[in-house]
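Engineer: Going down the list, the protein sequences come from chains Z and C. Residue numbering for the first sequence follows our numbering, starting at 6 and increasing by one per position. Residue numbering for the second sequence follows our numbering, starting at 2 and increasing by one per position.
Take the hints with a grain of salt, since some may be wrong.
DEER-style ranges, computed between Cβ atoms [stated by the list, open to error]:
#, chain 1, residue 1, chain 2, residue 2, range
1, C, Val-64, Z, Gly-590, 58 to 68 Å
2, C, Asn-26, Z, Arg-608, 24 to 34 Å
3, C, Ala-77, Z, Arg-608, 35 to 45 Å
4, C, Asp-93, Z, Gly-597, 56 to 66 Å
5, C, Asn-26, Z, Gly-590, 55 to 65 Å
6, Z, Ala-634, C, Ala-77, 28 to 38 Å
7, Z, Asn-596, C, Asn-26, 17 to 27 Å
8, C, Leu-22, Z, Val-584, 54 to 64 Å
9, Z, Arg-610, C, Leu-22, 16 to 26 Å
10, C, Leu-76, Z, Arg-610, 29 to 39 Å
11, C, Asn-26, Z, Ala-634, 30 to 40 Å
12, Z, Gly-597, C, Val-19, 40 to 50 Å
13, Z, Val-584, C, Asp-93, 30 to 40 Å
14, Z, Asn-596, C, Val-19, 44 to 54 Å
Sample of chain C residues facing chain Z (criterion: CB under 10 Å; computed from the structure) [claimed, not checked]:
#, residue
15, Arg-24
16, Arg-25
17, Val-30
18, Glu-71
19, Ala-94
The set of hints was computed from the structure by calculation and includes no laboratory data. Keep in mind the model is a prediction, meaning the values are calculated, not measured. Glycine residues also receive a C-beta, built at the ideal position from the N, C-alpha and C atoms.
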Amino acid sequence: MEPAEIASIAQHSGGAIGVAWLMIALPLVGAAVLLLGGRRTDKFGHLLGVLMAVASFVVGALVFVQLLGFAPGERRRGVTLFEFIPGLVDNVGLLVDPLSISFCLLITGVGSLIHIYSIGYMAHDPARRRFFAYLNLFVAAMLLLVLADNYLILFVGWEGVGLASYLLIGFWQHKPSAATAAKKAFIVNRVGDVGLLIAMFTIFATFHSLTFSGVLDRTGDASQGTLTAIGLLLLVGACGKSAQLPLQAWLLDAMEGPTPVSALIHAATMVTAGVYLIVRSGPIFEGTGTAQLVVTIVGVATLLAGAIIGTAKDDIKKALAGSTMSQIGYMVLAAGVGPAGYAFAIAHLITHGFFKANLFLGAGSVMHAMNDEVDMRKYGGLRTVMPITFATFLIGYLAIIGFPLLSGYFTKDGIIETAMEHSAVLGWLAVLGAGITGFYMSRLVFMTFFGKKRWDAKAHPHESPAVMTWPLILLSIGSIGLGAFLILGNRFMIFLSPAVGAPAHSPAFNPFSVPGLATLALVAVGAVFAWMRYGAAEVPATAPRGSFLTTFARRDLYGDALNEALFMRPGQWLTRLAVFFDNRGVDGLVNGLAAFIGGTSGRVRRIQTGFVRSYALSIFVGAAVLVGAWFVVGNL
Amino acid sequence: MTTHYLVLSALLFAIGGVGVLVRRNAIVVFMCVELMLNACNLAFVTFARQNGSLDGQVIAFFVMIVAAAEVVIGLAIIVTIFRTRRSASVDDASLLKH
Chain Z
6 MEPAEIASIA QHSGGAIGVA WLMIALPLVG AAVLLLGGRR TDKFGHLLGV
56 LMAVASFVVG ALVFVQLLGF APGERRRGVT LFEFIPGLVD NVGLLVDPLS
106 ISFCLLITGV GSLIHIYSIG YMAHDPARRR FFAYLNLFVA AMLLLVLADN
156 YLILFVGWEG VGLASYLLIG FWQHKPSAAT AAKKAFIVNR VGDVGLLIAM
206 FTIFATFHSL TFSGVLDRTG DASQGTLTAI GLLLLVGACG KSAQLPLQAW
256 LLDAMEGPTP VSALIHAATM VTAGVYLIVR SGPIFEGTGT AQLVVTIVGV
306 ATLLAGAIIG TAKDDIKKAL AGSTMSQIGY MVLAAGVGPA GYAFAIAHLI
356 THGFFKANLF LGAGSVMHAM NDEVDMRKYG GLRTVMPITF ATFLIGYLAI
406 IGFPLLSGYF TKDGIIETAM EHSAVLGWLA VLGAGITGFY MSRLVFMTFF
456 GKKRWDAKAH PHESPAVMTW PLILLSIGSI GLGAFLILGN RFMIFLSPAV
506 GAPAHSPAFN PFSVPGLATL ALVAVGAVFA WMRYGAAEVP ATAPRGSFLT
556 TFARRDLYGD ALNEALFMRP GQWLTRLAVF FDNRGVDGLV NGLAAFIGGT
606 SGRVRRIQTG FVRSYALSIF VGAAVLVGAW FVVGNL
Chain C
2 MTTHYLVLSA LLFAIGGVGV LVRRNAIVVF MCVELMLNAC NLAFVTFARQ
52 NGSLDGQVIA FFVMIVAAAE VVIGLAIIVT IFRTRRSASV DDASLLKH
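Make a model of the complete structure from these sequences and hints.
Structural biologist: What follows is the structure, given as structure tokens:
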């Protein structure tokens with residue numbers, strides 16, 4: 006099979022593709038029933054949630070099978086749903102193509118496993134039904150995002166996942182930290198959304214259309230400068246959603262949500278929406294080298310920043326969150342390279358969805374066993390008491406550091422090779438990032454599962470129930486084999502090519518290239534170094550003070566401090582100024598006028614004595630004055 | 002000749018005015034108001050006679066009609082106030098002040 010050119014969209018009705026909207030509708034119905042049904046649905050709420058997610062996956066699988074039945078050049082099927090605002094978006098429709106269906110299968114597949122896992126994880130939570138309602142809402146919104154055939158509906162899904170993310174980060178809103186984290190995520194995402202909105206305005210002003218077919222086929226009509234502006238604005242949106250520099254600050258705090266949420270939304274699916282946006286808008290970025298350059302720089306900067314943050318975190322979920330940032334940085338880097346990188350970006354996105362969900366759910370399993378303790382300094386030696394969690398976590402770990410023949414090895418290597426071809430500097434920085442990944446992930450595993458037991462006195466770790474371990478096992482199967490399946494023989498690149506286009510020459514997988522070997526060597530060095538520091542040596546119960554660099558990484562590279570100094574403090578000054586002006590200026594004027602009238606009335610009121618005779622006297626005097634005045638004037 | 006009538010009219014008006022201002026009894030105040038009205042009537046009639054026109058006499062009739070209507074309403078009010086408050090003093094009727 007040879008890669009194909011970008012195919013045009015064929016209108017389609019009938020079959021599984023004709024009812025692709027069911028994928029979105031089913032979880033949406035689930036969310037509506039669970040939210041509107043209230044306590045009455047408490048008993049079966051979690052089962053309904055799982056059922057809807059699985060049903061959505063089944064529909065997605067049927068759509069996928071039908072799509073495979075078409076010739077590669079006909080695998081872009083447009084499904085018109087209903088008429089919408091003429092001139093803006095004539096028809097609302099879904100676009101089922103290799104790119105969107107890949108996402109659908111990832112979202113519903115991994116999503117279903119995480120739904121099942123949540124039954125066990127949230128078993129003792131009184132609000133479990135509400136949790137599943139939000140999860141279903143998220144799945145529906147995310148599917149809308151990837152299936153939309155125009156930017157407007159994509160934006161609806163984009164906001165929908167933002168809402169679900171907000172609701173789920175703040176799920177335990179009785180914790181002030183969770184409530185704050187939810188607000189932070191929401192606000193930072195709004196910054197990105199403004200970028201996406203202005204990008205949409207610019208797109209509409211330039212192309213008079215918001216549909217993908219109407220915009221992306223005609224990028225040649227627009228000037229270089231317009232394309233660059235649109236590309237950079239889209240990148241702002243992508244940065245917000247995907248926690249890329251400089252809008253990365255919310256992701257680490259988002260770990261306040263329940264762990265399945267971190268796995269589904271803040272690792273596997275939602276945070277990759279930015280990568281989807283860049284790849285989907287590929288023709289715009291391909292038309293402008295400037296925007297592509299900025300995308301690759303953002304990607305490399307974030308993959309290094311995330312990895313460095315990951316090295317210093319003692320909170321197991323925050324270490325994984327840093328790792329998520331870093332891995333998405335790889336995807337953004339690949340997406341910025343152009344058609345040569347798209348397939349690797351999406352392939353890494355899919356394998357990352359599996360192994361990172363695997364790692365997060367494994368971390369959740371550990372936390373479940375350790376009374377919700379997240380500090381890795383209080384773990385240690387867990388491999389004997391939690392064998393299944395340990396085994397699956399180990400697979401996820403080997404996959405993410407790129408251990409040969411596991412998923413991450415193939416997809417990350419592909420990104421590094423592509424970046425290397427694009428620019429040696431970017432490539433070697435990506436290799437460096439892989440080395441740091443080897444270090445921080447090894448540190449995480451050694452601190453958690455190896456070494457001496459440093460448990461809390463009250464902790465009695467135990468293996469998690471089957472409803473939690475089975476999703477882990479299935480995800481680790483994906484973490485093992487998916488990479489080889491997608492990359493070998495360029496299978497995924499060829500599958501994706503009708504949707505995103507093909508590179509000038511097909512990449513050949515070469516296990517013994519210099520960057521590949523260098524990556525492996527650096528990863529090995531990182532792992533050995535981590536073993537020396539955290540495996541063989543004693544891990545102190547409290548974090549040592551560390552050098553300037555350690556503090557730098559622990560404080561998230563001063564991202565929060567920077568935001569505070571640049572935006573929050575000036576913002577507070579501005580509000581204080583406005584409040585001062587309002588209190589003293591506006592209120593002073595209004596209140597002063599009222600006080601003046603009130604005071605004057607109070608004084609004038611005293612004239613009303615209630616004595617009729619004094620009124621009569623005033624009338625009399627008035628009349629006398631008038632008559633006197635008339636005499637004087639009349640005699641002049 | 003006319004001067005005498007006008008002087009009388011002015012005297013009556015002044016007596017009425019002073020009465021309105023100094024007396025407390027509402028009935029007396031009322032009578033003083035009537036006195037002032039009739040002083041005006043006298044002046045109107047005097048000028049009408051002097052000028053040989055009927056205008057002043059007609060106006061005097063209007064004043065009498067208005068005064069009659071005013072007496073009806075004014076006395077009704079005074080009687081009502083007296084019934085409720087056992088007092089016809091104008092100084093006591095000050096409930097409407099702020």
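Engineer: For every hint, state whether the structure bears it out.
Structural biologist: Results for each hint:
Distance hint check for Val-64/C and Gly-590/Z: the Cβ-Cβ separation is about 60 Å, which falls inside the suggested range of 58 to 68 Å. For Asn-26/C and Arg-608/Z, the Cβ-Cβ distance of about 33 Å falls inside the hinted range of 24 to 34 Å, so the restraint holds. Between Ala-77/C and Arg-608/Z the Cβ separation comes to about 36 Å, which falls inside the hinted range of 35 to 45 Å. Remark: the range hint 56 to 66 Å for Asp-93/C to Gly-597/Z is contradicted by a beta-carbon distance near 41 Å.
Range check, Asn-26/C to Gly-590/Z: Cβ separation about 59 Å, and the 55 to 65 Å hint holds. For Ala-634/Z and Ala-77/C, the hinted distance range of 28 to 38 Å is satisfied, since their beta carbons lie about 37 Å from each other. Between Asn-596/Z and Asn-26/C, the C-beta spacing of about 49 Å breaks the proposed range 17 to 27 Å. Judged by the Cβ atoms, the range 54 to 64 Å given for Leu-22/C and Val-584/Z holds: they are separated by roughly 59 Å.
For Arg-610/Z and Leu-22/C, the Cβ-Cβ distance of about 23 Å falls inside the hinted range of 16 to 26 Å, so the restraint holds. Range check, Leu-76/C to Arg-610/Z: about 31 Å between beta-carbon atoms, so the 29 to 39 Å window is met. About 33 Å separates the C-beta atoms of Asn-26/C and Ala-634/Z, a value consistent with the hinted range of 30 to 40 Å. Checked against the hint of 40 to 50 Å, the C-beta distance between Gly-597/Z and Val-19/C comes to roughly 47 Å, which is consistent with it.
The beta-carbon spacing between Val-584/Z and Asp-93/C, approximately 55 Å, falls outside the hinted interval of 30 to 40 Å. Under the hint 44 to 54 Å, the C-beta atoms of Asn-596/Z and Val-19/C, about 49 Å apart, fit the expected range. With a cut of 10 Å, the hint placing Arg-24/C at the interface with chain Z holds, because the nearest CB-to-CB distance is about 8 Å. The beta carbon of Arg-25/C is positioned within 10 Å of a beta carbon in chain Z (closest approach about 8 Å), and the interface hint is therefore held.
Look at Val-30/C: its Cβ gets to within about 8 Å of chain Z, closer than 10 Å, so that hint holds up. With its C-beta approaching chain Z no nearer than about 15 Å, Glu-71/C sits outside the 10 Å limit, and its interface hint is violated. With a least beta-carbon distance of about 7 Å to chain Z, the hint placing Ala-94/C at the interface is held under the 10 Å criterion.
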